[in-house]
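Residue numbers (the UniProt record's numbering), protein chains in the order written: chain L, 1 to 309; chain Y, 1 to 309; chain U, 1 to 309.
If you're looking for bench data, these hints aren't it; they were derived computationally from the structure. A few of these clues could be false.
Unchecked claim - From the structure, some residues in chain U lie toward chain L, with a derived Cβ separation under 7 Å:
(1) Asp57
(2) Ser58
(3) Met61
(4) Val110
(5) Tyr160
(6) Ala271
(7) Phe283
(8) Ser286
Claimed, not checked - Covered by chain L, per the in silico footprint, the following chain U stretches (three or more residues, Cβ under 8 Å):
(9) 47-56
(10) 91-101
The beta carbon of each residue, even a glycine, is placed where N, CA and C say it ideally should be.
Residue strings, one per chain:
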Amino acid sequence: MRHLVEPEDLSLEEIQELVDTGLKIYQSPQAYSEICKGKILASLFFEPSTRTKFSFDSAMMRMGGNVIGFSDADTTSAKKGESLADTIRVMNYYADIVVMRHPKEGAPKVAANYSKIPIINGGDGGHQHPTQTLTDLITIKRFKGQITGHTMAFCGDLKYGRTVHSLIRTMARFGTKRFYLVSPEELKLPSALKRQLTEKYTVDFIESPYMEDVISEVDVFYMTRIQKERFFNEADYLKLKNSFKLTRDKLKNAKKDMIIMHPLPRVNEIAYDVDDDPRAVYFEQSEMGVYVRMALMAKLLEVGPYVRG
Amino acid sequence: MRHLVEPEDLSLEEIQELVDTGLKIYQSPQAYSEICKGKILASLFFEPSTRTKFSFDSAMMRMGGNVIGFSDADTTSAKKGESLADTIRVMNYYADIVVMRHPKEGAPKVAANYSKIPIINGGDGGHQHPTQTLTDLITIKRFKGQITGHTMAFCGDLKYGRTVHSLIRTMARFGTKRFYLVSPEELKLPSALKRQLTEKYTVDFIESPYMEDVISEVDVFYMTRIQKERFFNEADYLKLKNSFKLTRDKLKNAKKDMIIMHPLPRVNEIAYDVDDDPRAVYFEQSEMGVYVRMALMAKLLEVGPYVRG
Amino acid sequence: MRHLVEPEDLSLEEIQELVDTGLKIYQSPQAYSEICKGKILASLFFEPSTRTKFSFDSAMMRMGGNVIGFSDADTTSAKKGESLADTIRVMNYYADIVVMRHPKEGAPKVAANYSKIPIINGGDGGHQHPTQTLTDLITIKRFKGQITGHTMAFCGDLKYGRTVHSLIRTMARFGTKRFYLVSPEELKLPSALKRQLTEKYTVDFIESPYMEDVISEVDVFYMTRIQKERFFNEADYLKLKNSFKLTRDKLKNAKKDMIIMHPLPRVNEIAYDVDDDPRAVYFEQSEMGVYVRMALMAKLLEVGPYVRG
Chain L
1 MRHLVEPEDL SLEEIQELVD TGLKIYQSPQ AYSEICKGKI LASLFFEPST
51 RTKFSFDSAM MRMGGNVIGF SDADTTSAKK GESLADTIRV MNYYADIVVM
101 RHPKEGAPKV AANYSKIPII NGGDGGHQHP TQTLTDLITI KRFKGQITGH
151 TMAFCGDLKY GRTVHSLIRT MARFGTKRFY LVSPEELKLP SALKRQLTEK
201 YTVDFIESPY MEDVISEVDV FYMTRIQKER FFNEADYLKL KNSFKLTRDK
251 LKNAKKDMII MHPLPRVNEI AYDVDDDPRA VYFEQSEMGV YVRMALMAKL
301 LEVGPYVRG
Chain Y
1 MRHLVEPEDL SLEEIQELVD TGLKIYQSPQ AYSEICKGKI LASLFFEPST
51 RTKFSFDSAM MRMGGNVIGF SDADTTSAKK GESLADTIRV MNYYADIVVM
101 RHPKEGAPKV AANYSKIPII NGGDGGHQHP TQTLTDLITI KRFKGQITGH
151 TMAFCGDLKY GRTVHSLIRT MARFGTKRFY LVSPEELKLP SALKRQLTEK
201 YTVDFIESPY MEDVISEVDV FYMTRIQKER FFNEADYLKL KNSFKLTRDK
251 LKNAKKDMII MHPLPRVNEI AYDVDDDPRA VYFEQSEMGV YVRMALMAKL
301 LEVGPYVRG
Chain U
1 MRHLVEPEDL SLEEIQELVD TGLKIYQSPQ AYSEICKGKI LASLFFEPST
51 RTKFSFDSAM MRMGGNVIGF SDADTTSAKK GESLADTIRV MNYYADIVVM
101 RHPKEGAPKV AANYSKIPII NGGDGGHQHP TQTLTDLITI KRFKGQITGH
151 TMAFCGDLKY GRTVHSLIRT MARFGTKRFY LVSPEELKLP SALKRQLTEK
201 YTVDFIESPY MEDVISEVDV FYMTRIQKER FFNEADYLKL KNSFKLTRDK
251 LKNAKKDMII MHPLPRVNEI AYDVDDDPRA VYFEQSEMGV YVRMALMAKL
301 LEVGPYVRG
């Protein structure tokens, strides 16, 4: 029995295979529409998230399964002082697989220790969000033909964004040797992470506070949201916010086949008129998230293409 | 691909046909119990509503489909500043059809502009509530044999009640020439709406603050809730509240085959002992809401009786 | 048509039969996986409860049915002043069976009076919780071979715990003549209940504030949570809390085949290292709750093994 707490729980071969299965399901969803019949997903969101929750709920339903759960811990026994270990042990009898989001880092790991059914981490604090990484990878594969071999830039809040950290780490595992990083000084990629990647995978980072400096080089441009409250002061925020906003104008020098990704929700870091540019694939990215989550749940439940021989 | 944002989005023929299909489903629900198999309804209630939400959820499930959604915008990405347009574009990948209630007038129209799947307006502020109108019409047809040709009275808060506005407008389109309106001075039907209907459909309004004045004339008596906070002052409210309360006593002069309707929830504007009167059909009205919503979703999804030839 | 508002609504024969059916479903769940196809459970939690709600939701889904509902009355029409009677009458058209939890004692009884579909009480204030009693009984039967004939002890808050009251009453109906009661002075079983049981069923109670006094005698040891706020003063709480905590140490003198039960959630009244003791069956107790609720809903809906001849 397997869990998915962090991307490293999956080998590169397994990730490749999940991405490929996800793409197959995307091509012929009908063939998979009953593989989870009779299965129940417990969708436990101790912290709200429209997108991740709905993506999982939809994925399970599109495979013929059912969903129980909550999107607000206030209506749960956690309020009565129950430990997460107890909550999960009981859930084991109500469901066949769990996805959980929790504000506390490491909570899914604890849950996995006490669970006899698969636990999927749907985001734990600023820590990990492995199914977002799978979503990013299947999107890259769909639009660029393969996961590796692209020049990638990340832009925005690179300090706190768990999405970026997970994806960079995974791309490094896949052999990417250089990343372009565009962020304000306060929100640079943490040095500890850079050091770790440099030493383990001999990765090289090119940093700049100006999007314009790098955009013409890039195959995959990964935008993220900058939260106002991350800035040390209002003046910095006002001065910098437009530097990290992607506009039609800034796209002029970009490659014709570049793709623009964003984990969403977006606030204003991508101008709305960029949406019509064929390079903008962030909505399709949400779409692909459903398919790779279908593949993941099928794998962990050992159903459909993953039935045991 | 079609949306339902306001009743005017449907022709009179289409409304007739939805009502008839709803009645057919009511007669033989079993025949329709699988027509939405594999379909997902996103039930997005940015503002709470037991009745409308459950009616839609039940309607989709009774056709074999599934439901994702929320009944409280606080658990969504809207809180993170995401635009409605973005929320809807992402939902397009998680569901096959959307019903939404939103406190902001016009929000479903905006959603429809950005959606590639059908959007149904489940109520936008004080503006429109088209599926309540369909519910009202199917109820009239079930109990009075046909939609048109009845003397109709509306009683209660005629100023703010979107239900009343939508239904009066639609009945005028169907050819009704006269409405009886019973309300306190402060809560009369807006003049702008009256003028519009008079000019466009030569409709005539007979207004009175006394229920007793009109009840003996009426075939369809439509009650609505008066919210205390709508009154200008407490004294007016205390003075008037009983005039707009339907009691067994006031029913004495009513026709034997009159029907009493109410969109519910009721507070105290219909005395509880009226419930046992055979003319009271407001609970059956809730019942019919499920069937006409089944017909509507089948039509917008082009399934069952609406499969494309 | 039947409701389940309190355990006394079921005869001893019916309880036995539900327990036996629950055990059969537990043995071969696959045989029951479609018996509620097309059915809808309305799961109305006017007061939160993870465990009971999820147990019912899961039970209905495991029989192929669907679930609508809420876990928070704030998102409902109750807020608009609608009576429970009206809410239930409308729910009759949206669902086939209702489970409700309500903070007000007697609310499910009121609901049953107005309902044409079965109402199950999922807990009303400090009053009744009949499906917890069924859960307790099926657990005893699974682990002890039969419902009756065991020496039972109850420990913790015996004053306010509706779970304990319901189970003691039901065990008395089944012929149990003696109960061991372990609780602080402030939280003893109410005298009125004791008198009632003594007079009606000639039951005998042996009370002690020390777990150690009774544990060696017991076949079924039923623990409950003591809420700090139940104590009259902090000093009492600090003095007593460890007396009502079950530890590995205290288990040394217990019988080898004793079982330890707890309705959960637990806070700290059972030490975590007791979980690994084979006598600890409180998680399996949650498990059995799903199966006996499947049996109950099948019975009330007259499906599967309860189809009318």
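Taking the hints in turn, this is what the structure says about them:
1. Asp57: Holds: closest Cβ of chain L sits about 5 Å from Asp57 of chain U, inside 7 Å.
2. Ser58: 4 Å, holds
3. Met61: 4 Å, holds
4. Val110: 23 Å, violated
5. Tyr160: With a minimum Cβ separation of about 14 Å from chain L (threshold 7 Å), the hint on Tyr160 of chain U is violated.
6. Ala271: 12 Å, violated
7. Phe283: Holds, because the Cβ-Cβ distance from Phe283 of chain U to chain L comes to roughly 5 Å (cut-off 7 Å).
8. Ser286: Since chain L brings a Cβ to about 5 Å from Ser286 of chain U, closer than 7 Å, the hint holds.
9. 47-56: holds (count 6)
10. 91-101: Coverage by chain L is violated here, the residue count being 0 at a Cβ distance below 8 Å.
Taken one by one, the earlier hints fail for this structure at numbers 4, 5, 6, 10, listed in ascending order.
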